[in-house]
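S.K.: Sequence:
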Amino acid sequence: MLAGVLRTNKDYRKSFLADVVSNFGSALSTLAYPLLVLGLGGNAVQAGSVATVSLATRLGFRLPAGTLIDRWNRRRVMLATDLVRFLALASIPLVALWGPPHYAQLLAVAAVEGLATAMFGPANTVLIRDIVDPADLPGALGLGQAVLAAVNLAGPATGGALYAADRMLPFIVDALSYAVSALLVWRITVPPTAPGPRGEDRGVTAGLRWLLGQRELFTVLAYAAAINLVSAALDVTVILELRGAGLSGSAIGPVLSCAGVGGIIGSLLAPWLVERLSVPAILLGIGAGWTAVLAVFAVDFRPALVAVLLTLLMTLSPAAGVVVGQAMFGRTPRHLMGRVSATISLLLNGLAALGPVAAGSLFQALGGSRAWVVLAVLTGAVTVGGWIPLQATRRLAAAGPEPAPDPAVVAHSADSEEAKDD
Numbered sequence: 001m002l003a004g005v006l007r008t009n010k011d012y013r014k015s016f017l018a019d020v021v022s023n024f025g026s027a028l029s030t031l032a033y034p035l036l037v038l039g040l041g042g043n044a045v046q047a048g049s050v051a052t053v054s055l056a057t058r059l060g061f062r063l064p065a066g067t068l069i070d071r072w073n074r075r076r077v078m079l080a081t082d083l084v085r086f087l088a089l090a091s092i093p094l095v096a097l098w099g100p101p102h103y104a105q106l107l108a109v110a111a112v113e114g115l116a117t118a119m120f121g122p123a124n125t126v127l128i129r130d131i132v133d134p135a136d137l138p139g140a141l142g143l144g145q146a147v148l149a150a151v152n153l154a155g156p157a158t159g160g161a162l163y164a165a166d167r168m169l170p171f172i173v174d175a176l177s178y179a180v181s182a183l184l185v186w187r188i189t190v191p192p193t194a195p196g197p198r199g200e201d202r203g204v205t206a207g208l209r210w211l212l213g214q215r216e217l218f219t220v221l222a223y224a225a226a227i228n229l230v231s232a233a234l235d236v237t238v239i240l241e242l243r244g245a246g247l248s249g250s251a252i253g254p255v256l257s258c259a260g261v262g263g264i265i266g267s268l269l270a271p272w273l274v275e276r277l278s279v280p281a282i283l284l285g286i287g288a289g290w291t292a293v294l295a296v297f298a299v300d301f302r303p304a305l306v307a308v309l310l311t312l313l314m315t316l317s318p319a320a321g322v323v324v325g326q327a328m329f330g331r332t333p334r335h336l337m338g339r340v341s342a343t344i345s346l347l348l349n350g351l352a353a354l355g356p357v358a359a360g361s362l363f364q365a366l367g368g369s370r371a372w373v374v375l376a377v378l379t380g381a382v383t384v385g386g387w388i389p390l391q392a393t394r395r396l397a398a399a400g401p402e403p404a405p406d407p408a409v410v411a412h413s414a415d416s417e418e419a420k421d422d
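Per the UniProt record's numbering: the sequence shown = residues 1 to 422.
What the hints contain is simulated information worked out from the structure, not anything from laboratory work.
The model shown is predicted, which means the values in this text are computed figures rather than measured ones.
Each hint should be verified, as a subset may be incorrect.
To be verified - Restraint ranges, calculated between C-beta atoms of paired labels, are given here:
id : residue 1 : residue 2 : range
1  : TRP186    : LEU366    : 44 to 52 Å
2  : ASN73     : THR205    : 20 to 28 Å
3  : SER250    : LEU94     : 32 to 40 Å
4  : LEU87     : PRO271    : 38 to 46 Å
5  : LEU87     : ALA381    : 36 to 44 Å
6  : TRP387    : ALA245    : 31 to 39 Å
7  : GLN105    : ALA304    : 34 to 42 Å
8  : ALA222    : ALA365    : 37 to 45 Å
Beta carbons: idealized from backbone N, C-alpha and C, even for Gly.
Please model the entire structure based on the sequences and the hints provided.
M.R.: If you want it as structure tokens, here you go:
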């Protein structure tokens with residue numbers, strides 16, 4: 001099924017490749033940003049704040065972006081945002097030709113990239129639903145999880161090696177990745193945007209109001225959002241502690257890449273897990289796993305052990321992603337897809353925006369061991385608190401059929417080679 005949708009759907013294949021290239025480039029700079037800030041003489045809080053600025057700008061514009069995506073041509077939005085991100089990332093090595101980049105510039109680039117990504121994400125989600133047949137959506141979701149896992153595997157190690165060779169190389173490659181993605185997006189054929197039903201709610205918060213009526217899905221999203229706060233703090237805390245132990249960027253990268261190994265294993269196991277485990281078992285298993293691993297980090301932070309535990313920790317995450325993705329695609333009305341996708345992203349990543357800077361602050365104030373204890377206690381409290389509410393989500397994986405399209409929806413063949421909608 002995974003290979004089938006890539007082989008038979010030309011437009012999805014272009015979208016998939018664009019996603020692979022741009023996500024890989026972003027993974028390179030994710031490691032390079034804190035290393036560059038530290039290399040320029042910044043402290044732990046500043047190193048974490050660059051990632052926080054990027055996340056905060058994505059979140060602040062997410063709901064308005066979803067509203068625009070429900071009205072505008074998705075391909076044009078994706079093309080424009082790729083070009084904006086290319087120019088923003090290219091400015092870092094360009095300025096470096098005349099001297100070291102300033103911390104203020106890095107914050108500005110992170111903000112611009114975050115705003116553009118806030119538009120690109122919902123547009124890409126809606127595009128997948130527009131160009132992929134409903135029967136092929138599970139395969140497309142599985143491939144999306146595999147992309148994230150592969151990027152987590154190869155990105156940090158490659159980023160660390162590139163940074164060790166030249167600290168501008170990760171940003172150059174990231175900028176080029178957006179240019180390549182733009183070229184691929186430009187070649188995608190997109191069906192005309194169909195008008196919503198007469199009298200539809202066109203408000204910015206329409207997606208949130210719809211989600212509030214989906215109690216099972218909303219419960220899962222609230223729990224995942226709390227876990228994501230700790231998840232967002234993980235990378236920065238690992239980087240700071242390993243850096244403090246004297247490891248170079250090229251040595252830190254492979255350790256972080258082990259999360260990608262776990263993700264790849266998890267993407268292969270996801271169909272089996274979703275079929276055999278209930279939604280509460282998957283989600284509570286993730287929470288329990290995070291709590292145990294963070295507690296171990298507080299007492300033993302040998303790089304080899306960290307690598308092994310990160311691999312084990314990430315094996316359940318793809319299954320949770322597939323469950324939520326199937327529920328969203330299967331239940332969301334087409335005319336609300338952009339706003340619902342944007343709202344889900346906001347809920348999942350809202351607290352996560354505080355993760356990197358909180359990690360830097362904890363590390364600077366308490367040191368590595370005590371910071372890990374605080375994170376472990378927080379994750380444990382979320383897991384215990386979510387035990388009873390999550391029992392009501394057992395049927396979430398059995399998402400209802402895709403809502404019937406409005407008569408105005410224009411039929412579209414993903415393999416069509418006709419002219420693009422301009």
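S.K.: Hints first: check each against the structure and report whether it holds.
M.R.: How the hints compare with the structure:
At roughly 49 Å, the beta carbons of TRP186 and LEU366 sit within the given window of 44 to 52 Å. About 23 Å separates the C-beta atoms of ASN73 and THR205, a value consistent with the hinted range of 20 to 28 Å. A C-beta distance of roughly 25 Å is found between SER250 and LEU94, which places it outside the suggested range of 32 to 40 Å. Separation of LEU87 from PRO271 is about 40 Å and conforms to the stated range, judged on CB atoms against 38 to 46 Å.
Checked against the hint of 36 to 44 Å, the pair LEU87 and ALA381 passes, with Cβ atoms roughly 43 Å apart. With their beta carbons about 36 Å apart, TRP387 and ALA245 fall inside the hinted range of 31 to 39 Å. Evaluation of the 34 to 42 Å hint for GLN105 and ALA304 yields a pass: the beta carbon distance comes to about 37 Å. Between ALA222 and ALA365 the beta carbon distance is about 28 Å. The supplied range of 37 to 45 Å is therefore violated.
When the structure is compared with the earlier hints, violations turn up for hints 3, 8 and for no others.
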